[in-house]
Structures are given as C-alpha cells and as structure tokens.
Amino acid sequence: MLRYLLRRILVIPFLLLGVASVAFLLSQITKGDPLSALIPERMMSNEAVVEAIKTQWGLDRSLPERYVIYMTRLVQGDLGTSFTTRRPVLTDIAERLPATLELVIAAMIFGCSSGFGLGMIAARFKNTAADISARSFALLGSSLPIFWSGLILLYIFSVKLGWVPGTGRLDARSIAPETVTGFFTIDAILAGNMPALLEALGHLVLPAFVLGWSVTGIITRLIRSSMLDALNQDYVRTARAKGAPEHIVLLRHAFRNALIPTLTIMGFTFAYLITGAVLTEAIFSWPGIGSYAVSAARSLDYPAIVGVTLVGAVAFLLANLLTDVAYAFANPRIKIAG
Amino acid sequence: MSVTEQLSNTNPAERSSARGPWPGLRLPKRLAWVRKLPATAVIGSIVILFWLICAMTVTWWGLPDPLAMVARRLQAPSLAHWLGTDALGRDVLARTLHGAASSIPIAVGVVAVSVFIGSTLGALAGYFGGWIDGLVMRSADITLSFPPILLAMTIAAALGPGLTNASIAMVVVWWPIYARLMRAQVLEVREREHVEAAVAGGAGRLRVLIVHIMPLCWTPTLVNATMDFGQVVLLAASLSFIGLGAVPPSPEWGAMISEGATKFYNWWIAFGPGMAILTVVVSCSFIGDGLRDVFDSRES
Amino acid sequence: MLSSKSNRKSGKRARLAALMTGLLIGSGAFAPAVIAQEPDTLVIARSIGGLNSLDPSRAFCDTCQIYLSSVYESLVTLASDNKSLAPNLAESWEISDDLTQFTFHIKPDAVFSDGSPVEAKDVAWSFQRLLNLKGSPSFLMDGMESVEALDAKTVKVTVSKPNSEFINKVSAPYAAIINSDVAIEAGALADASAATADDAEGWFLETSAGSGPFVLKNYSPESELRLIANANYYGDQPAFDSVVITNIQDSVSQAQALESGAVDIAMQIDADTMASMNSDEVITEIVPSFNFVYIAFSPAATRANGVLTPEVREALTYALDYDGIMDFTVGGNGAKQSAPIPNGFPGTSDLPLRTQDVAKAKQMLADAGYADGFSLIAGYPNDNVYGVDLNLMMQKVQQDLAAVNVSLELQPMTYAVWRDELTGEGLPVTGVYYAPDYFGSGQYVDYFSMIEGTPWASRAGGTQPELVVNATEAELYQKALASSGETSESYYHQLAEEMIGENIIIPLVSPNLVLAFRADIEGVRYSACCNLPLAELSRK
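So the protein sequences, as listed, match chains F, S and B. If you read the first sequence in my numbering, its first letter stands for residue 1, the second for the next number, and so on. If you read the second sequence in my numbering, its first letter stands for residue 1, the second for the next number, and so on. If you read the third sequence in my numbering, its first letter stands for residue 1, the second for the next number, and so on.
Hints are computed from structural coordinates only; laboratory data are not their basis. Fair warning: this is a prediction, and the values are worked out from it, not measured in the lab. A virtual CB, placed ideally from N, CA and C, is assigned to each residue, including glycine. Be aware that one or more of the hints could be misleading.
[Stated by the list, open to error] Selected chain B positions facing chain S (Cβ under 8 Å, derived; list incomplete):
{"#": "1", "residue": "Asp321"}
{"#": "2", "residue": "Phe328"}
{"#": "3", "residue": "Arg354"}
{"#": "4", "residue": "Gln356"}
{"#": "5", "residue": "Asp389"}
{"#": "6", "residue": "Leu392"}
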C-alpha cells in the first residue's frame with residue numbers, strides 16, 4: 001500500500017512537468033499576438049515601444065530559449081509574471097484560488113448531500129412519483145445552462161425578492177476580513193467577526209446553489225444507478241432473503257457499493273469545478289481562478305495559462321490519487337492496477 | 001420461436017413476450033427489450049427524434065428566414081412571432097429551430113468521434129496492457145489534467161472561430177473519458193470464463209478482443225454517450241457563450257443565449273434556445289436512464 | 001425506533017435546508033451596514049478587466065484614466081466644458097509664439113501625498129520617464145527635446161518641432177506628475193536605461209506616489225480598485241473618504257447592482273438595459289461621448305484581392321444604412337460621425353454626414369465592374385464596448401452590404417488573434433472602437449490619417465503604401481501643428497474632409513454614454529480626458 005502511494009506521488013512532478021510543457025507549447029503556437037496584453041492597439045506599429053516591451057518580457061528570444069528559461073524558473077517555484085495583471089502569477093493564484101475553492105467546496109457540500117439523498121430516494125422508490133421528482137430536480141440541475149439559470153435565479157432571488165445579496169464575494173463597501181486562508185468564511189471565524197461571516201455566507205449561497213445544482217444532477221444519477229446495480233446483485237438478494245430490513249439493505253449493502261464509483265466521480269467533479277466554475281464566476285462577479293483562466297486564455301498570457309493549468313492538473317492528480325486510495329481502502333479485494 | 005413464427009402466432013398470451021408499458025405493441029423478439037423502457041425514455045426518444053428531424057429538414061418548414069430582419073427588433077412574443085424578435089429583428093422561434101441544425105449534428109459528431117477514438121484506445125490499453133496501456137493512460141491523464149474549459153478554449157482560440165474547430169477542441173477534451181470507461185470494462189470482462197475459453201481455444205488476441213470482449217463492454221459507454229450528447233450540446237453552447245464557438249449570424253443556441261444575456265429584460269431571446277437545450281439534455285438523460293434500466297434487467 | 005438511515009438522512013437534509021433558509025433570511029436581516037466599512041464609501045461598478053497597469057508611465061486604459069486623474073495630477077486638465085484647458089498642478093503657463101517652448105508655474109502650495117512639495121524636478125523626471133520607459137503612453141512625449149527646471153516651481157519643456165497640440169497632451173491623465181524621490185527609492189528610473197532597467201511596475205500596483213485627492217489603498221486585479229482620501233491633499237478634501245471601483249462585467253448586472261443599491265454609480269449600462277430600468281432611486285442621463293465605433297477597409301490586405309479601390313470603397317459607404325445601424329447597436333442613442341475625429345473636437349463642426357443611397361452604390365459598383373458583387377472577409381474582435389456589441393454591428397453591416405451583392409464573411413475573433421491578423425496578412429474589412437486619450441484632434445490624425453507611417457496607413461497600405469498614402473494630409477498636419485486656435489482648427493477641418501473622402505475609416509456610431517447613478521449622488525459628469533472626475537462627486 002505504502003509502496004503504491006509512494007510510486008503514485010513520485011510520478012506527479014513528472015506529470016506536472018509534462019502538463020506544463022504542453023500548456024506552454026499550446027499557448028505559444030496558437031494564433032494570436034502575444035503582445036496584445038502588453039501593448040495597446042495604438043502603439044502596435046511603434047517599433048521602439050515594441051522592442052522595449054519584447055525585451056522586458058523576454059519575448060525577443062526564440063521559442064526553445066523561452067521554453068528552457070521558463071522551465072528552469074518553474075522548477076524553482078517561479079511561475080513568472082502575468083502579462084495581464086503585471087504581478088507574479090503565484091501572487092495572482094494565491095489570491096484567486098481560495099475564492100474558487102470556497103465556492104466549489106460550498107457547491108460540493110450542497111450538491112453531494114442533496115445528490116445522496118435524492119439518489120437514494122430515487123433508487124428506493126424506483127419509478128414512483130418520488131423517484132420522478134427527485135430525478136427531475138437533479139436533471140434540471142445538470143441540464144440547464146448555468147449561464148441562463150444563474151442569471152434568472154440571480155434576478156429572482158436577489159433583485160426581485162432581495163433574499164440574497166448581489167454579486168461578488170462581499171458587499172463592495174465592506175472590507176474583507178484579515179487574510180489568513182483567503183476563505184472569507186474561515187477568516188471571518190478566525191477574526192471572531194460574525195457579521196463578516198454572515199455577509200460572506202450570504203454572498204456564497206446563490207452561486208454555490210447554482211454551481212452545486214449541476215453537481216446534484218451528476219451525483220443523483222450516479223447514486224441511483226449504482227444502487228440499482230447493487231440492489232440487483234446476488235448478495236443483496238441473499239441479505240433480503242435472510243430477512244434484513246430494507247434500510248439496512250439500502251445503506252450497508254447498496255449504498256456502500258454505490259459509494260465507490262461515486263467517490264471517484266466526486267473527486268473528479270471537485271477537480272473539474274476548480275477551473276470549470278468559469279461561467280458561475282462570470283455571472284456572480286466571483287474573482288476566482290476560472291475567470292482568471294479565461295482572461296489569460298483570451299490574451300495569450302502564457303505564464304498565467306500555464307499557472308492555472310498546473311493548478312487544475314494538481315487538483316486532478318490529487319483527486320485521482322485520493323479516490324484511488326479511498327477506493328482501495330473501501331474494498332481491499334480490488335487489485336490495485338499497476 | 002423464430003421471429004416469423006412469433007409474429008404469426010395467433011395465441012394472444014404467447015404473442016407478447018413481456019408485459020411492459022406497451023402491452024398491445026407487437027415487436028420482434030430481438031427488440032423485445034424496448035418494452036421495458038420506461039415511459040420517460042420513450043418521451044425522451046420522441047423529443048430527440050423531433051430535434052434530429054428538425055436538424056435535417058428545418059429548411060423546408062417554411063419558417064421566416066433566421067438570418068434576416070423580419071420585424072421590428074426586440075418585440076415581445078406575439079401571435080405573429082411566437083417567441084418574439086431579437087436585437088436584429090429576427091424571429092426567435094425560427095432561429096431556435098434552425099439552431100438545431102447547428103447544435104445537433106455537432107453533438108452527434110463529437111460524441112461519435114470521441115466514443116470511437118476513446119473506446120478503441122481504451123480497449124487496446126485494457127486488453128494488451130504494458131506500454132500501450134501506459135501510453136494511452138498517460139495521454140489520457142495529461143489531457144484530463146488540463147482544465148477542460150481552458151483546453152477547449154485554447155484549442156478553439158488556436159484554430160480560429162467556428163463550430164468545426166470547436167468540435168475538434170471538444171473531441172480532444174472528451175476522448176479520455178471513454179478511454180477510461182472502456183478500459184475499466186475490458187479489464188473486468190477479460191477475466192471472465194468465456195474469454196479464457198476463447199483464448200484457450202486458440203483465437204488470436206485481436207479477435208478475442210473484438211468478438212468476445214467488446215460486445216460486453218459497451219453498456220456503460222452507451223449509457224454515458226447518450227447522456228454526454230446533451231453535455232456536448234451544453235459545452236458547445238458554453239463555448240459559443242464566451243465567443244469561441246459558432247460564428248454569427250449562425251443561430252447556434254449558446255450564441256443566442258449569450259445575446260439574450262445582454263438583453264436580459266427581453267427574456268424571450270434566451271428563452272427559446274434555453275428551452276431547446278433543456279429539452280435536449282433532459283431527453284438524453286431519460287434515454288440514458290431508460291437504457292440503464294433495461295440493461296439492468298437484462299443482466300439479472 | 002425504526003428510523004432508517006435514509007429517513008435520518010432526509011431528516012438531516014431537512015435540517016440542512018432549514019439552516020440554509022435561516023441563513024438566507026438571517027443574512028437578509030443582517031444585510032444592511034454590518035461589517036467594518038469606511039465612513040462614507042462611494043462604489044462604482046465598472047468592468048476593470050482592461051486595466052493594464054497602475055504605473056503612470058505605463059497605464060493606458062479607460063479605467064486607468066479615472067485612477068490617474070484622481071490619485072495623480074497633471075499640470076493642466078480639461079475644464080468641465082470638455083474643451084478648454086484649466087489649471088491643475090500648474091497655476092499658469094506660457095507658450096512661446098513658435099509653439100516650441102512651454103513654461104509651467106507650479107502651484108506654490110502643491111504637495112504630494114507624503115507631504116513633500118511638488119517641484120519642477122518632479123515634472124522633469126516624470127516627463128523623461130514617460131518618454132524613456134517606452135511604455136504605452138510614451139507617444140505623448142514624442143518630439144520632446146528637453147525639460148528643464150528653471151527653479152523649484154518653474155519648468156520649461158522644449159519640443160523639436162512646433163506643436164500646438166503639446167499642451168493638450170500635457171492635460172492627459174497619462175502625463176501625471178510622480179513623486180520622483182519616492183519612486184526612485186522604489187527602483188523607478190527616468191533616464192535612457194529606463195526601458196530595460198526600470199522595475200517599479202510592481203511597486204506601483206501597491207502604492208501611489210501622486211498629489212491628487214485620493215491615494216491607492218488596495219488593488220485586486222479583476223476584482224476591485226480601492227482608493228482612500230489623501231489626508232495631505234493641498235486642495236479641497238473630496239466628499240468621500242473612500243472610493244471603490246468594483247468589477248461587474250456586463251451591463252445588465254451593473255444595472256441590477258445599481259437598482260438594489262449595492263453600487264452608487266454604474267458606468268457601462270447600455271441604452272437597451274437603461275430602457276428597462278424603472279427604479280425611482282436611480283437617475284439615468286444620456287450624454288454624448290467622444291468614443292466611436294468604426295469599420296475600416298484595408299485595400300492592401302492579401303485577401304482583399306485588390307477589390308477595394310477608391311471607387312469601390314465609396315460605393316460601399318453608400319450601401320450602409322447608418323440610421324439602421326444606429327438603431328440596432330445603440331437603440332438610436334448615439335450620433336453619426338463621418339470623420340474619424342469625434343464630434344466636438346477641433347475641426348469637426350459642419351462636416352458633411354454620410355448618407356445611404358443604395359441605388360448609387362449599385363451603380364458605382366456596376367461601373368467598377370462588380371455588378372455581381374464580390375465577397376470579403378471581415379475579421380473583428382468579438383467585444384462589447386461602449387454599449388455596442390460588435391457582433392451585432394457587423395451582422396447589420398453584413399445585411400446592408402448583402403443588398404448590393406457584396407457578401408461579408410464574418411470572422412469574430414478574440415482580441416489577441418485579431419491583433420495578429422491585423423498586422424499579418426491584414427484584414428480587408430474590420431470593425432473596432434476608439435476612445436480619446438486627451439482633448440485634441442492631432443491624436444486622431446496621428447492614428448487614422450493616411451500619412452506615411454501612421455498605424456492605419458501601415459495597415460491599410462501594407463506592402464503597397466502607394467494605394468493609400470495621402471501627401472496632402474501630411475502638409476495639412478504640419479500646418480495644423482504649427483498654428484493654434486482657429487487657424488489650427490481650420491486645418492483640422494480640411495484634414496477631416498480629406499479623411500472622409502478616403503473612405504478607409506468609416507465611423508458608424510458615436511454611442512451616447514449612459515450616466516447611471518443613485519438619486520443621492522451629485523456631480524456625475526463625463527470628461528473627455530478623465531472619464532469620471534472622482535473629486536467632484538458627493539452624496540446629498
């Protein structure tokens with residue numbers, strides 16, 4: 001077990017280097033002027049300015065040279081400076097990532113808990129009204145385009161009903177609590193600032209719901225189908241025949257087995273949402289890493305692109321590793337594929 | 001009983017092979033499983049069928065030109081224009097229906113190609129193992145590690161605007177999922193007795209893979225693919241929403257919602273395409289679930 | 001008791017739901033003014049993604065204008081009539097008759113935010129840095145020969161050629177005066193080595209070194225820009241203790257934030273959204289702006305295939321439905337503009353407007369041998385700026401040209417890709433926008449005229465400059481710069497007429513600006529140089 005873990009962990013840096021290289025190359029060979037974020041349109045034809053900017057940002061060197069320089073700095077932990085924000089990419093990520101993590105964690109909490117519940121109801125009461133309503137709710141979550149439903153919900157609950165505050169992580173007038181983790185909720189608790197906590201939670205509610213609703217969709221379906229799968233297996237029939245009460249059958253046997261593939265999906269969903277919450281971040285003006293990635297991609301800000309890609313890659317690889325380990329723990333009979 | 005025998009059988013009790021939602025329907029034996037599809041799956045199939053037919057034939061439906069200004073701009077829904085008009089005075093309903101001709105074929109293409117590429121690679125990786133497995137899975141890992149939106153955006157930005165390029169980007173993003181799916185299934189199935197029997201019987205490895213293993217492995221892929229069909233429509237719409245998919249004035253659903261978002265108070269502009277996407281994705285889910293249920297009962 | 005776990009789970013879910021509902025209601029009840037806030041904060045909603053830098057010698061964007069004009073000060077500024085120059089850091093100035101020497105007298109009581117006096121050496125240092133850093137706004141100091149400090153409060157700038165426009169350039173927020181002592185300590189340089197050795201850009205993102213009524217408190221890219229009042233300001237203290245420019249991307253969200261009171265001013269609401277706003281607590285005013293959206297023809301673009309001759313270009317301009325374009329893009333809330341110099345700038349009074357004449361367009365095309373039309377590629381950035389959705393605009397242009405058998409193949413692209421295409425093969429047709437950097441017509445001649453070497457002459461002319469270069473314009477521009485006042489204006493007028501006749505740059509719409517703000521805010525106005533002068537704002 002330990003050897004397996006170690007092997008997996010040791011591979012990660014190499015995978016990350018591979019991802020970084022691909023990301024770097026992709027952003028270099030794409031069409032588009034890499035200077036577009038550095039020089040305004042008006043100055044494009046001014047040779048002196050173009051030369052100066054190119055030298056300052058190292059864009060006057062050849063591609064292989066730039067690659068080597070970039071990679072050497074990368075392994076030392078220097079992710080370079082972003083073209084768009086003019087700050088070190090690490091600083092940008094350190095500022096933006098917690099915002100997304102807070103949103104994604106909240107969304108996962110909502111999505112998974114509702115997904116488990118609804119999925120179990122749907123499996124237990126298959127093809128009844130309960131099943132259908134549960135699945136309909138879940139379905140809507142994964143079928144509605146977020147950029148449509150988000151706007152509508154924002155309009156209804158914030159503008160019309162006033163139940164939730166508007167966009168952003170906090171009211172614009174408010175000052176964020178002292179940064180410790182970057183999570184406004186946790187930082188507020190650490191600072192003992194209850195009003196700040198409530199305000200941060202208030203702003204978190206709607207975007208977490210909108211994002212989490214799509215997670216509900218995935219989890220419900222998965223739990224339902226895995227449980228149905230499990231409920232059809234021999235050992236369940238045996239358990240029932242032995243007179244086990246239904247809820248034991250559901251939970252100890254069916255749900256347990258449904259959990260395993262679900263954990264994998266949950267892991268991947270979490271990793272995916274970190275950069276995939278782009279549209280939610282756009283609608284709710286949430287300054288997270290997804291929107292950072294979009295503006296980086298649009299301006300061909302390659303240090304930022306590679307930086308965000310690495311973040312996404314780390315998230316994915318960690319999720320991969322953790323779920324595989326959890327999988328192995330949950331069912332030791334499963335051979336760990338080399 | 002052979003099919004012809006069954007069909008000509010006049011004994012009502014023996015005619016239908018299983019009671020399902022459609023007891024009166026006569027079906028050949030091979031399609032008997034259709035009976036087990038829940039009503040939702042059938043409704044879903046009808047809706048998807050509608051969209052497929054729409055995508056293929058809408059140009060002959062006599063609708064107003066989706067690209068031309070036909071009335072005053074930003075008109076609310078009325079009898080003349082059931083979903084009103086958009087910012088350029090174009091009929092929203094006509095554009096929504098024509099949008100199927102953009103979105104549906106793309107979804108079919110992307111899913112089909114992703115499934116084909118992914119399943120092939122996954123099956124090879126799962127069966128042969130070794131360096132093939134390593135190569136395919138590492139490529140899949142690296143691709144999956146990429147934030148999908150970022151990957152799709154970068155590729156689409158690299159190749160230029162347009163739905164074909166967006167489709168290529170989506171296939172690159174999607175194939176690893178099917179590779180993993182197929183690989184996992186192959187890994188499980190290849191341990192089964194009848195496969196060992198075939199190998200012992202001297203069948204070539206490729207033949208064993210194609211004839212004995214893969215036919216048993218396509219269930220999760222099929223279910224996944226039907227549901228992914230809807231997800232591809234969503235992703236294509238998202239790409240268009242951020243400006244990297246369809247080229248205006250093409251009436252692609254995502255681009256229409258993007259326009260609708262900027263004219264939010266003219267709700268009908270986004271309503272048409274939004275509902276279209278919703279019906280497609282929901283129907284796909286129903287079909288997927290229904291198929292799942294059928295395979296469930298088949299295996300038991 | 002037989003409580004199955006699923007029942008407990010649904011019970012747990014019910015409790016979770018109750019908790020969330022409670023939080024919702026609770027946060028609603030707690031929403032008004034709870035957590036630590038500055039005493040009186042003004043909140044402005046804007047899309048600040050375009051902000052490229054907070055370093056005065058490098059910043060170059062619309063939001064930068066707002067920042068630079070409130071945190072820093074230039075020697076002179078634009079008066080509220082958006083035409084004449086008013087004293088700012090300089091209480092008076094003299095211009096030599098030959099328009100080559102500009103002498104400024106700095107206000108005796110002017111001090112920087114750290115209390116140190118504003119001196120001539122700071123002006124000299126700032127102008128030299130602007131020129132030598134070769135950043136985006138460095139063109140403002142083009143042609144500057146020397147800047148001397150005559151004494152502690154008097155500075156003289158000499159330019160190599162007569163330039164009546166130089167004084168206008170000095171009024172640009174980009175020509176701000178920096179506290180040189182503080183900046184030098186932070187690593188800023190102003191000499192010839194600045195372009196490669198200056199590394200103070202990061203420092204400017206956290207600290208400001210100006211003399212304006214506000215100072216920088218905090219900047220979070222794409223999130224917020226927070227300013228607080230300058231305690232050492234030598235002039236009148238601004239009405240607000242703190243100003244936050246918060247990032248809200250699109251017009252509809254800005255409108256919603258404004259109506260709910262979350263923000264006090266929304267800067268980018270478009271005409272259609274404005275029409276749907278109906279709150280009593282919000283005032284909306286429509287004012288003309290100096291921004292404009294245009295299409296441009298590049299005859300020398302490879303894919304133009306030589307089709308865009310002067311006659312054909314003229315024909316195409318007759319095919320466009322200018323009223324319709326105005327209607328579709330800004331709902332009629334804009335002004336027509338025929339020359340690429342904004343209405344109200346020197347030389348633009350009484351310029352002829354372009355009109356639509358489809359029959360004439362067809363005739364001219366037929367005469368040129370294109371009765372069956374042709375097709376052209378139109379590549380443009382798929383942005384939505386100043387209330388105009390370029391996609392919609394280009395689709396309307398496409399419709400109009402289709403009526404004369406000219407088919408446009410629209411290629412929206414990201415800004416970066418568009419930039420590449422523009423300088424590479426060139427784009428036969430493109431659509432884009434422009435906003436003034438300061439009040440003065442010379443900047444438009446520098447950019448849009450077909451004088452050899454200007455950006456658009458290079459793009460439109462490409463490898464065949466003879467197709468577009470206009471020697472008359474070069475002469476006229478020299479004369480305009482060498483004269484001032486009405487004489488200069490008349491030269492700009494002639495220049496404008498030349499540019500109209502060339503039909504390379506076709507302005508389509510000058511969108512009106514929607515000023516949208518809460519009813520209790522006063523002093524909101526649009527400024528041609530500074531976008532929104534923050535110091536003039538107050539709450540009733």
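List in ascending order the numbers of the hints, as given earlier, that are violated by the structure.
1, 3 and 4
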